[in-house]
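Peer 1: Listed below, chain by chain, are the residues.
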Amino acid sequence: MPTSSTDRILVLGIGNILWADDGFGVRAVEEFHRRYVVSDNVTILDGGTQGLYLVSYLEEADRLIVFDAIDYGLEPGELKLVRDEEVPRFTGAKKMSLHQTGFQEVISAADLLGRCPKHLALIGCQPRDLDDWGGPLTKPVSDQIGPAIELVCAILAEWGATASPRSKPLLESERLLTNDIDHQHYEMRMRPV
Amino acid sequence: MGIQTPNGFKLHNSGKRIVIDPVTRIEGRMRVEVNLDANNVIRNAVSTGTMWRGIEVILKDRDPRDAWAFTERICGVCTGTHALTSVRAVENALGITIPENANSIRNLMQLALQVHDHVVHFYHLHALDWVDVVSALSADPRATSTLAQSISNWPLSSPGYFKDLQTRLKKFVESGQLGPFKNGYWGSKAYKLPPEANLMAVAHYLEALDFQKEIVKIHTIFGGKNPHPNWLVGGVPCPINVDGTGAVGAINMERLNLISSIIDHLTEFNEQVYLPDVAAIGSFYKDWLYGGGLSGKSVLAYGDVPEHANDYSSRNLKLPRGSIINGNLSEVFPVDHANPDEIQEFVVHSWYKYPDETKGLHPWDGVTEPNYVLGPKAKGTKTAIEQLDESGKYSWIKAPRWRGHAMEVGPLARWVVGYAQNKAEFKDPVDKFLKDLDLPLSALFSTLGRTAARALESVWAGRQMRYFQDKLVANIKAGDSSTANVDKWKPESWPKEAKGFGFTEAPRGALAHWIKIKQTKIDNYQCVVPTTWNGSPRDPKGNIGAFEASLMDTPMVNPEQPLEILRTIHSFDPCLACATHVMSPDGQELATVKVR
Chain A
53 MPTSSTDRIL VLGIGNILWA DDGFGVRAVE EFHRRYVVSD NVTILDGGTQ GLYLVSYLEE
113 ADRLIVFDAI DYGLEPGELK LVRDEEVPRF TGAKKMSLHQ TGFQEVISAA DLLGRCPKHL
173 ALIGCQPRDL DDWGGPLTKP VSDQIGPAIE LVCAILAEWG ATASPRSKPL LESERLLTND
233 IDHQHYEMRM RPV
Chain B
16 MGIQTPNGFK LHNSGKRIVI DPVTRIEGRM RVEVNLDANN VIRNAVSTGT MWRGIEVILK
76 DRDPRDAWAF TERICGVCTG THALTSVRAV ENALGITIPE NANSIRNLMQ LALQVHDHVV
136 HFYHLHALDW VDVVSALSAD PRATSTLAQS ISNWPLSSPG YFKDLQTRLK KFVESGQLGP
196 FKNGYWGSKA YKLPPEANLM AVAHYLEALD FQKEIVKIHT IFGGKNPHPN WLVGGVPCPI
256 NVDGTGAVGA INMERLNLIS SIIDHLTEFN EQVYLPDVAA IGSFYKDWLY GGGLSGKSVL
316 AYGDVPEHAN DYSSRNLKLP RGSIINGNLS EVFPVDHANP DEIQEFVVHS WYKYPDETKG
376 LHPWDGVTEP NYVLGPKAKG TKTAIEQLDE SGKYSWIKAP RWRGHAMEVG PLARWVVGYA
436 QNKAEFKDPV DKFLKDLDLP LSALFSTLGR TAARALESVW AGRQMRYFQD KLVANIKAGD
496 SSTANVDKWK PESWPKEAKG FGFTEAPRGA LAHWIKIKQT KIDNYQCVVP TTWNGSPRDP
556 KGNIGAFEAS LMDTPMVNPE QPLEILRTIH SFDPCLACAT HVMSPDGQEL ATVKVR
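Quick mapping for you: the protein sequence lines, in order, are chains A and B. Quick note on this note's numbering: the first sequence kicks off at 53 and runs consecutively. Quick note on this note's numbering: the second sequence kicks off at 16 and runs consecutively.
Some clues are possibly wrong.
To be verified - Below, in silico cross-link-like pairs of lysine-lysine (DSBU-like), each with a Cα-Cα straight-line distance of 35 Å or less:
id: 1; chain 1: A; residue 1: K170; chain 2: B; residue 2: K228
id: 2; chain 1: B; residue 1: K536; chain 2: A; residue 2: K132
id: 3; chain 1: B; residue 1: K240; chain 2: A; residue 2: K191
id: 4; chain 1: B; residue 1: K232; chain 2: A; residue 2: K170
id: 5; chain 1: A; residue 1: K132; chain 2: B; residue 2: K240
id: 6; chain 1: A; residue 1: K191; chain 2: B; residue 2: K368
id: 7; chain 1: B; residue 1: K397; chain 2: A; residue 2: K132
id: 8; chain 1: A; residue 1: K170; chain 2: B; residue 2: K533
id: 9; chain 1: B; residue 1: K240; chain 2: B; residue 2: K368
id: 10; chain 1: B; residue 1: K301; chain 2: B; residue 2: K204
id: 11; chain 1: B; residue 1: K75; chain 2: A; residue 2: K191
id: 12; chain 1: B; residue 1: K185; chain 2: A; residue 2: K170
What the hints assert, rightly or not - Example chain B residues on the side facing chain A (calculated, C-beta under 10 Å, incomplete):
id: 13; residue: R77
id: 14; residue: F85
id: 15; residue: K228
id: 16; residue: V231
id: 17; residue: W246
Hints were generated in silico from the structure; no laboratory data involved. The C-beta atom is built at its ideal place from N, Cα and C for all residues, glycine as well.
With the hints as extra help, turn the sequences into a complete structure.
Peer 2: Written out as structure tokens, the structure reads:
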């Protein structure tokens, strides 16, 4: 696959942190951002549940990596990587995103505008619990954050971009999520529902 | 056998029952069941929705100054509005005032969200209920150009432009991936636009998609980042440094100029594209004035957009505040969020438990204890409901009432209140819109009226943005660069116990948060959101909510293609928060329709 260091790459996490395992995508990018410094052509974004509102970020990217909780019908916590033309094909068979808008609509909207990223990679994790309002990520899912980050590093390397471990810890105020909704604080004070 | 509801509807639950689940192209998930008479006219409507189970579970014992960051996550589209409502609730509880600049900036952010949401809602979630995309393929580009130029000066209107667009659309449709256009009943007789109007609307669908991202730049500038901008109790988090150049986060002249140009652009789009489109589409649907529901009877608006900082009284709010009941537009009642007898939530038909369900609870005393039981006549099982029993509990949405009345909230409610208050900035545009279409005032109380009110409001909001932008710049030039008041930032300065409320007009209607603070931590936190008002189930007296009322007496062209139901429900811009917990893993793309 031809790579170019000037290609703009978007690393996007989607999902709702308030619905247990649905937060996987956001927590994965949050942790990736906490651990790694990326080259200038890479943007790391917490997309939340913004649906169509994310189109503009897709338009600005040549390559896209998405983290999301996806119901593949696999064992809880199983990671699956889907790429390029497989991404929409996959979504045709089964609703890809668990969110209302459906991330496939975001992709096809970008496509309709003629500015869809040329290369897509979807790192999905099979959720166990999406029903626990205010609950934490379940163990099989949170255990996959590390392996998911290894996957994104490998894809970035393949695409000619770099991700290097931070030489000093990221300040709390500079994290992707702040104000007590960062992963640690959100779950530290969590009570059983 | 008919049932007369106290709020004036006659329900007949005999006849064919149609189930639509899920209603697509909304934020969240909902289900609608209706009964049709022999002529396929809706004679009973039941709407049920999923909703979060009370944010208090998550917020209890947290720092009130962080509550906005949590509430921002409740919903994918109301992010900023929830955050604003939250900081207002905390400020109200603790008696914190904000500087004038912070008020102007918050108004700019809130108004930008209104415009953004209204544009995206109309073009991307609602237009396809009126516009047949597939019919656009057979339009004559030259005639489309003539049509477009007859309604507006918008420059993108040449025959070549529409021809190119049609080619692009054709390619897209032929590739088999209808994408965002998947959820449609293309070819249905319920669509009334000629192919040329359809093509013009599809062109604007794409332009809006392209243009909406400009608007949110305002949030990025003032909020520091998007899609989840920062907020601050006591003001706004962005410092102002007019002489600065590109300092991280600070507002300088360069950024203020950028905002100014975005406002010019969105005003042009509102006035030359959005409003003319709604009027043009409306002109083909003048004989389809269904869907009024409660809009001509009982409407509620909290008001928003304070002219001056820290005054939330009706006279200081630029968006109207007040309530109207029993269709009497000559009397607008004041609304008090702190009065325990005014806003109350009932759960007799909701999947929650109260000690005494004949009574409602004011949000300060709200409880959210799930109780998932189906009525005795429900069909199916708890995990696969075939048919709801509306005589029992049937929705995850509570039933908020204002002094016992079911109320409609949203753009139409706001504009009806403004109209009733005889405010020229609301009354005149409504009168003009109706006059241009040769329609009487009664036509306002309809699905089309709801859609028109949103377009009129988008135009209004754009002009208000210009006003507050100019005000902000003038104030800064006069030497005031204050954006935050940190006098009471430290919890040591707070009373041991405090309670407060914050309200806004979210794009889809009246939104309020109620907070109780104890020993500097959150003790109780309740949100009553617009879709709780509009999508509410019946109450103990049998009043039906706004969605249900709006579907009554609507004839359907083809019950297998419930376009009329989607059109009316979409006109409310429903937002049922993130309801992933019940989304079927195989989540159907197209609504499943079952006729029983």
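Peer 1: Hint by hint, say whether it matches the structure.
Peer 2: Checked hints:
Proposed proximity of K170 of chain A and K228 of chain B is supported: the alpha carbons are some 21 Å apart, at most 35 Å. Restraint check for K536 of chain B and K132 of chain A: not satisfied, since their Cα atoms lie roughly 41 Å apart, outside the 35 Å limit. Simply put, K240 of chain B and K191 of chain A have alpha-carbon atoms about 31 Å apart, close enough for the 35 Å limit, and the pair holds. With a C-alpha separation of about 25 Å, the suggested pair K232 of chain B and K170 of chain A falls inside the 35 Å cut-off, and the hint holds.
The suggested pairing of K132 of chain A with K240 of chain B holds, with an alpha-carbon distance near 30 Å, which does not exceed 35 Å. A C-alpha spacing of about 31 Å is found between K191 of chain A and K368 of chain B, which places the hinted pair at or below 35 Å, so the restraint holds. Between K397 of chain B and K132 of chain A the CA atoms are separated by roughly 32 Å; this keeps the pair inside 35 Å, and the hint holds. Among the hinted pairs, K170 of chain A with K533 of chain B is inconsistent with the structure: their alpha-carbon atoms are about 53 Å apart, more than 35 Å.
For the suggested pair K240 of chain B and K368 of chain B, the alpha carbons sit about 40 Å apart, so the restraint of at most 35 Å is broken. Only pairs whose Cα atoms come within 35 Å are accepted, and K301 of chain B paired with K204 of chain B is accepted, the gap being roughly 15 Å. The straight-line distance between the Cα atoms of K75 of chain B and K191 of chain A is roughly 24 Å, inside the 35 Å bound, and the hint therefore holds. The straight-line distance between the Cα atoms of K185 of chain B and K170 of chain A is roughly 21 Å, inside the 35 Å bound, and the hint therefore holds.
Evaluation of the R77 of chain B hint against chain A yields a held restraint, the C-beta minimum of about 6 Å falling below 10 Å. Using the Cβ-Cβ criterion of 10 Å, the hint placing F85 of chain B at the interface with chain A is satisfied: the shortest such distance is roughly 6 Å. Interface restraint check: K228 of chain B against chain A, minimum CB-CB distance 3 Å, threshold 10 Å, status holds. Look at V231 of chain B: its Cβ gets to within about 7 Å of chain A, closer than 10 Å, so that hint holds up.
Evaluation of the W246 of chain B hint against chain A yields a held restraint, the C-beta minimum of about 9 Å falling below 10 Å.
Checked against the numbered hints above, the structure violates hints 2, 8 and 9; every other hint is satisfied.
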